[in-house]
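Let's have the full structure, built from the sequences with the hints guiding it.
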Amino acid sequence: MPTATIIVDAILFDMDGPSLALTNHLTGSPFAYRTLIDSTPGVFKAWKIFSDDYNLGDSEAIVHATHGRRLYDTLKEYCNIADNDKLQTEIDRFEDGVIEGGPTALPGAIDLISSLNNHPESARRWTIVTSATNKYSPRALERAGMALPLLGIITSNDVSHGKPHPAPYLAGAAKCSADPENCLVVEDAISGLRAGRAAGATTLAVLTSTERNIIMQSDALPNYIVQDLTKVEVDVVSGKLQVTMDLS
Numbered sequence: 436m437p438t439a440t441i442i443v444d445a446i447l448f449d450m451d452g453p454s455l456a457l458t459n460h461l462t463g464s465p466f467a468y469r470t471l472i473d474s475t476p477g478v479f480k481a482w483k484i485f486s487d488d489y490n491l492g493d494s495e496a497i498v499h500a501t502h503g504r505r506l507y508d509t510l511k512e513y514c515n516i517a518d519n520d521k522l523q524t525e526i527d528r529f530e531d532g533v534i535e536g537g538p539t540a541l542p543g544a545i546d547l548i549s550s551l552n553n554h555p556e557s558a559r560r561w562t563i564v565t566s567a568t569n570k571y572s573p574r575a576l577e578r579a580g581m582a583l584p585l586l587g588i589i590t591s592n593d594v595s596h597g598k599p600h601p602a603p604y605l606a607g608a609a610k611c612s613a614d615p616e617n618c619l620v621v622e623d624a625i626s627g628l629r630a631g632r633a634a635g636a637t638t639l640a641v642l643t644s645t646e647r648n649i650i651m652q653s654d655a656l657p658n659y660i661v662q663d664l665t666k667v668e669v670d671v672v673s674g675k676l677q678v679t680m681d682l683s
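Residue numbering for the sequence shown follows the working numbering, starting at 436 and increasing by one per position.
Simulated from the structure, these hints should not be mistaken for laboratory data. Treat the hints loosely; a few may be bogus.
[As the list claims (entries may be wrong)] Derived lysine-lysine pairs resembling PhoX-like cross-links, with alpha carbons at most 25 Å apart: (1) 521 to 483; (2) 570 to 511; (3) 511 to 483; (4) 570 to 480; (5) 570 to 521; (6) 480 to 521.
[What the hints assert, rightly or not] Here are the computed distance ranges between Cβ atoms for each label pair: (7) 573 to 651: 31 to 41 Å; (8) 663 to 508: 20 to 30 Å; (9) 592 to 683: 37 to 47 Å; (10) 438 to 519: 42 to 52 Å; (11) 612 to 679: 15 to 25 Å.
Beta carbons are placed, not taken as given, at the ideal position from N, Cα and C, and that holds for glycine.
What follows is the structure, encoded as structure tokens:
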């Protein structure tokens, strides 16, 4: 089987995002952008509720149109919410709906994160960079049975620009005290892969939401592509992270 091995200083994982869902272009089936956890049922449930409450029309069309954007931006635009206090209240309500939908860990995610946390050196060499908020992210990880990064999480609250802007992954690299060029960004979304590439990082696409041919036809240009995180192993070698990927 084809494999690739690289050495990096840190790994920056996407998680998922309650505003990052869309419809599969090939099959028409719904899914949410996801790398570590899957929140698809909750995302569609929440947008259906908000579409009804704000008379927005086709909730699935909105889900498709808002992919790759922060919930702060999409609710402000689609629900026409100008008051910041009300906007925050509605963000909280939306995220509660996603949590109620029951986020679950994706294949290989718990084992990979556990392996990183179980080594004193690698435990400080990874973080999560998500378009979700600082309220949603830890709750979603806990609900999915996943450990939080020792260093904390980069959320939409920590940056002024969301993906595909490089700011989130630049912040993630800084949190790990690493140069972006020496980081591996693990993403499933084209917007996130663009952000990682713009930050100067090596990018790994996981095919948990987006078809291989769609990624290949995009301008995301990932360095590597794997089916899911069961195809990724990480070892500590001389104080750095050795990442081995099954590319089959």
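Results for each hint:
1. Between residue 521 and residue 483 the alpha-carbon distance is near 19 Å, which keeps this suggested pair within the 25 Å criterion.
2. A threshold of 25 Å between alpha carbons decides the hint, and for residue 570 with residue 511 the separation of about 18 Å falls inside it, so the pair holds.
3. At roughly 16 Å between alpha-carbon atoms, residue 511 and residue 483 fall within 25 Å of each other, so this suggested pair holds.
4. A C-alpha spacing of about 19 Å is found between residue 570 and residue 480, which places the hinted pair at or below 25 Å, so the restraint holds.
5. Straight-line distance between C-alpha atoms of residue 570 and residue 521 comes to about 16 Å, which keeps the hinted pair within the 25 Å bound.
6. For the hint linking residue 480 to residue 521, the alpha-carbon distance of about 20 Å falls within 25 Å, and the restraint holds.
7. Between residue 573 and residue 651 the Cβ separation comes to about 34 Å, which falls inside the hinted range of 31 to 41 Å.
8. The hinted window of 20 to 30 Å between residue 663 and residue 508 holds, with their beta carbons roughly 29 Å apart.
9. A C-beta distance of roughly 38 Å is found between residue 592 and residue 683, which places it inside the suggested range of 37 to 47 Å.
10. The hinted range of 42 to 52 Å is satisfied by residue 438 and residue 519, whose Cβ atoms lie roughly 49 Å apart.
11. Range check, residue 612 to residue 679: about 24 Å between beta-carbon atoms, so the 15 to 25 Å window is met.
In this structure, every one of the numbered hints holds.
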